[in-house]
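Starting from the known structure of chain A, fit chain B onto it as the hints suggest.
There are 2 protein chains.
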Amino acid sequence: MPTTILEDIRLADGTPAAITIRDGRIAAIGAPPPPSPGEERIDGGGALALPGLVEAHAHLDKTLLGMKWYRNDVGPSLVDKIENERLQRRVLGIDPARQSARQVVLALSKGSTHVRTHVDVDTEIGLSGIEGILATRERFRDEVDMQVVAFPQSGMLVRPGTLELMEAAMRAGADVVGGLDPCAIDRDPRAHLDAVFALAQKFGAPVDIHLHEPGELGGFSMELVVERTRALGMQGRVVVSHAFCLGMADAAYVARLVEQLAEARVAIMSHGAPYRPVPSVRQLHDAGVVLCCGSDGIRDTWGPYGNADMLERAMIVGLRNNLRRDDEVELALDMVTHGGARAMELEGYGLAAGCHADIVLVDAEAPAEAVAARPPRRLVLKRGRVVARDGRALATAP
Amino acid sequence: MPTTILEDIRLADGTPAAITIRDGRIAAIGAPPPPSPGEERIDGGGALALPGLVEAHAHLDKTLLGMKWYRNDVGPSLVDKIENERLQRRVLGIDPARQSARQVVLALSKGSTHVRTHVDVDTEIGLSGIEGILATRERFRDEVDMQVVAFPQSGMLVRPGTLELMEAAMRAGADVVGGLDPCAIDRDPRAHLDAVFALAQKFGAPVDIHLHEPGELGGFSMELVVERTRALGMQGRVVVSHAFCLGMADAAYVARLVEQLAEARVAIMSHGAPYRPVPSVRQLHDAGVVLCCGSDGIRDTWGPYGNADMLERAMIVGLRNNLRRDDEVELALDMVTHGGARAMELEGYGLAAGCHADIVLVDAEAPAEAVAARPPRRLVLKRGRVVARDGRALATAP
Numbered sequence: 001m002p003t004t005i006l007e008d009i010r011l012a013d014g015t016p017a018a019i020t021i022r023d024g025r026i027a028a029i030g031a032p033p034p035p036s037p038g039e040e041r042i043d044g045g046g047a048l049a050l051p052g053l054v055e056a057h058a059h060l061d062k063t064l065l066g067m068k069w070y071r072n073d074v075g076p077s078l079v080d081k082i083e084n085e086r087l088q089r090r091v092l093g094i095d096p097a098r099q100s101a102r103q104v105v106l107a108l109s110k111g112s113t114h115v116r117t118h119v120d121v122d123t124e125i126g127l128s129g130i131e132g133i134l135a136t137r138e139r140f141r142d143e144v145d146m147q148v149v150a151f152p153q154s155g156m157l158v159r160p161g162t163l164e165l166m167e168a169a170m171r172a173g174a175d176v177v178g179g180l181d182p183c184a185i186d187r188d189p190r191a192h193l194d195a196v197f198a199l200a201q202k203f204g205a206p207v208d209i210h211l212h213e214p215g216e217l218g219g220f221s222m223e224l225v226v227e228r229t230r231a232l233g234m235q236g237r238v239v240v241s242h243a244f245c246l247g248m249a250d251a252a253y254v255a256r257l258v259e260q261l262a263e264a265r266v267a268i269m270s271h272g273a274p275y276r277p278v279p280s281v282r283q284l285h286d287a288g289v290v291l292c293c294g295s296d297g298i299r300d301t302w303g304p305y306g307n308a309d310m311l312e313r314a315m316i317v318g319l320r321n322n323l324r325r326d327d328e329v330e331l332a333l334d335m336v337t338h339g340g341a342r343a344m345e346l347e348g349y350g351l352a353a354g355c356h357a358d359i360v361l362v363d364a365e366a367p368a369e370a371v372a373a374r375p376p377r378r379l380v381l382k383r384g385r386v387v388a389r390d391g392r393a394l395a396t397a398p
Numbered sequence: 001m002p003t004t005i006l007e008d009i010r011l012a013d014g015t016p017a018a019i020t021i022r023d024g025r026i027a028a029i030g031a032p033p034p035p036s037p038g039e040e041r042i043d044g045g046g047a048l049a050l051p052g053l054v055e056a057h058a059h060l061d062k063t064l065l066g067m068k069w070y071r072n073d074v075g076p077s078l079v080d081k082i083e084n085e086r087l088q089r090r091v092l093g094i095d096p097a098r099q100s101a102r103q104v105v106l107a108l109s110k111g112s113t114h115v116r117t118h119v120d121v122d123t124e125i126g127l128s129g130i131e132g133i134l135a136t137r138e139r140f141r142d143e144v145d146m147q148v149v150a151f152p153q154s155g156m157l158v159r160p161g162t163l164e165l166m167e168a169a170m171r172a173g174a175d176v177v178g179g180l181d182p183c184a185i186d187r188d189p190r191a192h193l194d195a196v197f198a199l200a201q202k203f204g205a206p207v208d209i210h211l212h213e214p215g216e217l218g219g220f221s222m223e224l225v226v227e228r229t230r231a232l233g234m235q236g237r238v239v240v241s242h243a244f245c246l247g248m249a250d251a252a253y254v255a256r257l258v259e260q261l262a263e264a265r266v267a268i269m270s271h272g273a274p275y276r277p278v279p280s281v282r283q284l285h286d287a288g289v290v291l292c293c294g295s296d297g298i299r300d301t302w303g304p305y306g307n308a309d310m311l312e313r314a315m316i317v318g319l320r321n322n323l324r325r326d327d328e329v330e331l332a333l334d335m336v337t338h339g340g341a342r343a344m345e346l347e348g349y350g351l352a353a354g355c356h357a358d359i360v361l362v363d364a365e366a367p368a369e370a371v372a373a374r375p376p377r378r379l380v381l382k383r384g385r386v387v388a389r390d391g392r393a394l395a396t397a398p
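Residue numbers (the working numbering), protein chains in the order written: chain A, 1 to 398; chain B, 1 to 398.
If we strip away everything but chain A, and leave its shape as in the complex, we get:
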């Protein structure tokens, strides 16, 4: 593989630089090296270089992207939405392979080079969602690194047979064991979490648990997660997604929970839900908790919003947390880059010699401007190969 020089870029602190890429990795960052035969040179046009964006919480199997507009008139409760989705999967014909491919192409165009996606597993669809997503992972293996979470969206123990399907999903190639509201959905938090962690142990896999439960109820579930993380030596391998309970009013209890998360190295995924109490990004960051971010569902039967742009998502987190100063906005940017990489345990992530050459160029004077203005991505590289240019992915969606 020839050497590629990505010239005339700027680093986060404004320093002009060139990035030398060899064998898909960053060989050097600094002054442009003298020309050498056979190398390729790419003009960065003075753009800001960021490491590839990390989408740490997607639902690729359920987006309606590219389908006819779905007029949403669903009821207000969580269960309404879950049941409506199961119904619409059949009525609308939401094909997981096709739909996930569409969202991957959109995500590439926005500069995501890593995606963790939760994929529904239930007794109605079995593993068809997982199989569709695994096909998409294979199809785009050179464009994006994808982690697949086996996700019991409709409940695990309340729907006998689901746990066995979860195990089959892991055997089929899922990477992460998912879980969901152990009190609110399965009505048996101990059993739900024991099953999730046992499966994770069996496959040596990490855990990622959706926790929408509010206030003290969610706090209790979170404690149970932390206890298991510690007892099983899974520090650094567990993510709690949403964690709305950390936005509860009882600040002293929240502070104790945050301390436990930091100590057990449980990461938090927050996408800055504007209508709910949310974890304070600053508080968690100051306590040393790893923070990541994701789109959550986009354009699906749950709601119409979202465009897979992790810079826009960082902006929403910034707005939700009132991050205004540049150093604060950079915290939101960190969640969609390095924070996501830590939560997802990515090897060789970053803009440094030795790392994979996963790079996004964006026309912005400063990192905070990249978040606030979200300009089209000038160039996206995955392991040194151009995968998107001027806001468009080179791959095409089905």
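Honestly, I wouldn't trust all of these hints.
Claimed, not checked - With a Cα cut of at most 20 Å, we get these calculated EDC-like pairs of lysine to aspartate or glutamate:
1. B:Lys202 to B:Glu164
2. B:Lys81 to A:Asp326
3. B:Lys68 to A:Glu223
4. B:Lys68 to A:Glu365
5. B:Lys68 to A:Glu330
6. A:Lys68 to B:Glu365
7. A:Lys68 to B:Glu330
8. B:Lys81 to A:Asp327
9. A:Lys68 to B:Asp326
10. A:Lys68 to B:Asp13
11. A:Lys68 to B:Asp327
12. A:Lys81 to B:Asp326
Said to hold, decoys possible - Going by beta-carbon spacing under 10 Å, a handful of chain A positions derived as facing chain B:
13. Val74
14. Gly303
15. Leu319
16. Asn321
Quick caveat, the hints were computed from the structure, so don't treat them as lab data.
Quick reminder that beta carbons are idealized off the backbone N, C-alpha and C, glycines included.
Just chain B now, kept in the frame of chain A:
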């Protein structure tokens, strides 16, 4: 002026239609009329037609658009931000005429055909902000209808001389009397509001008051606003902007306030601040309160966010209020169209025969998609003239 036919557009309910425009107004909406000599035909490409977007709360005088990136390291309090802004006006050289022109051009590109802007009036800059904005209003008189609010950002009674400047601003051509946190800033709510309403009476002008005051304090100020609106017969002529107090915990008190707002026809401007308690858009709508929306400050010394796109702003309001169903998202869209028009007392607004031909075309299957996806505006017409096309304004920014 010749007849213009805007062909091949779709109305909100999906009906294909053509809009006939004569003398800057909509002459008819329906089946395309037979060709007639001398008329101009514009191809709408099947796009969704919306009435021109209404930006009901901007701060055109303070944006840093087009200037070097401003690295923000301001302190957290409201007073920190107000004082820093006064300082940076000099340090950075924020020229109100130039900067407001830049934001107007951006707003045009996003489809805003009406803008209400608050303009700082204080003892340091005097009327220079007002004069700059009035110059911009004149410059773009054929592209956008602009309402200018004389706004005592640094306090009115606490800074002797400001009230006289406010009166001079109204005489110079400002349209609306502004006010600001009568308890928190001027420390004398009765005197502040009496002065604001007296000025409004003197000029026969409407009132638009920034009310950031939280909880019961803001509720008290709001009651004082309603009392004066009623006593002076100013029903339908008063806007309370932000109104964070309506997001307070005491639901019964909020309900009483909402009832009073509806009865006195005081409109509420909410831009869906994601980090604060906010008025419930649904509750206010159901009570019959007029709702409008605005960008508030964009890319300024207060914070880096914002792009003058009222469809994006409607999305943020939608996210903040958890508006998911199409009928709910349409409520947010109404705030940036008809609601804004009612709050700003616009004559001849809407997509109907007899109205001004202020029209935005957007590639969306449904109104909710326009909000969720915010596609580039295909075409923007102001009084029948094209002012923006394919996401770009025809006017250029200084």
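Hints and how they fare:
Pair hint B:Lys202 plus B:Glu164 holds up; C-alpha atoms about 13 Å apart against a cutoff of 20 Å. Restraint check for B:Lys81 and A:Asp326: satisfied, since their Cα atoms lie roughly 14 Å apart, inside the 20 Å limit. Distance check on the hinted pair: B:Lys68 and A:Glu223 sit about 47 Å apart at the alpha-carbon level, beyond 20 Å; violated. A distance of roughly 8 Å separates the Cα atoms of B:Lys68 and A:Glu365; the hinted pair therefore holds under the 20 Å criterion.
At most 20 Å may separate the alpha-carbon atoms for a hinted pair to count; B:Lys68 and A:Glu330 meet this at roughly 18 Å. For the suggested pair A:Lys68 and B:Glu365, the alpha carbons sit about 8 Å apart, so the restraint of at most 20 Å is met. A C-alpha spacing of about 18 Å is found between A:Lys68 and B:Glu330, which places the hinted pair at or below 20 Å, so the restraint holds. As the CA atoms of B:Lys81 and A:Asp327 are separated by approximately 16 Å, the hinted pair is consistent with the 20 Å bound.
Restraint check for A:Lys68 and B:Asp326: satisfied, since their Cα atoms lie roughly 14 Å apart, inside the 20 Å limit. For the hint pairing A:Lys68 with B:Asp13, the CA-to-CA distance comes to about 15 Å; that is within 20 Å, so the pair holds. With a C-alpha separation of about 18 Å, the suggested pairing of A:Lys68 with B:Asp327 holds against the 20 Å cut-off. The suggested pairing of A:Lys81 with B:Asp326 holds, with an alpha-carbon distance near 14 Å, which does not exceed 20 Å.
Hint on A:Val74 holds. Least Cβ distance to chain B is approximately 6 Å, under the 10 Å limit. For A:Gly303, the interface hint holds, the least distance from its beta-carbon to any beta-carbon of chain B being 4 Å, beneath 10 Å. The beta carbon of A:Leu319 comes within 4 Å of a beta carbon in chain B, closer than 10 Å, and the hint placing it at the interface holds. Among the interface hints, the one on A:Asn321 holds; its C-beta lies about 6 Å from the nearest C-beta in chain B, closer than the 10 Å criterion.
Checked against the numbered hints given earlier, this structure breaks only hint 3.
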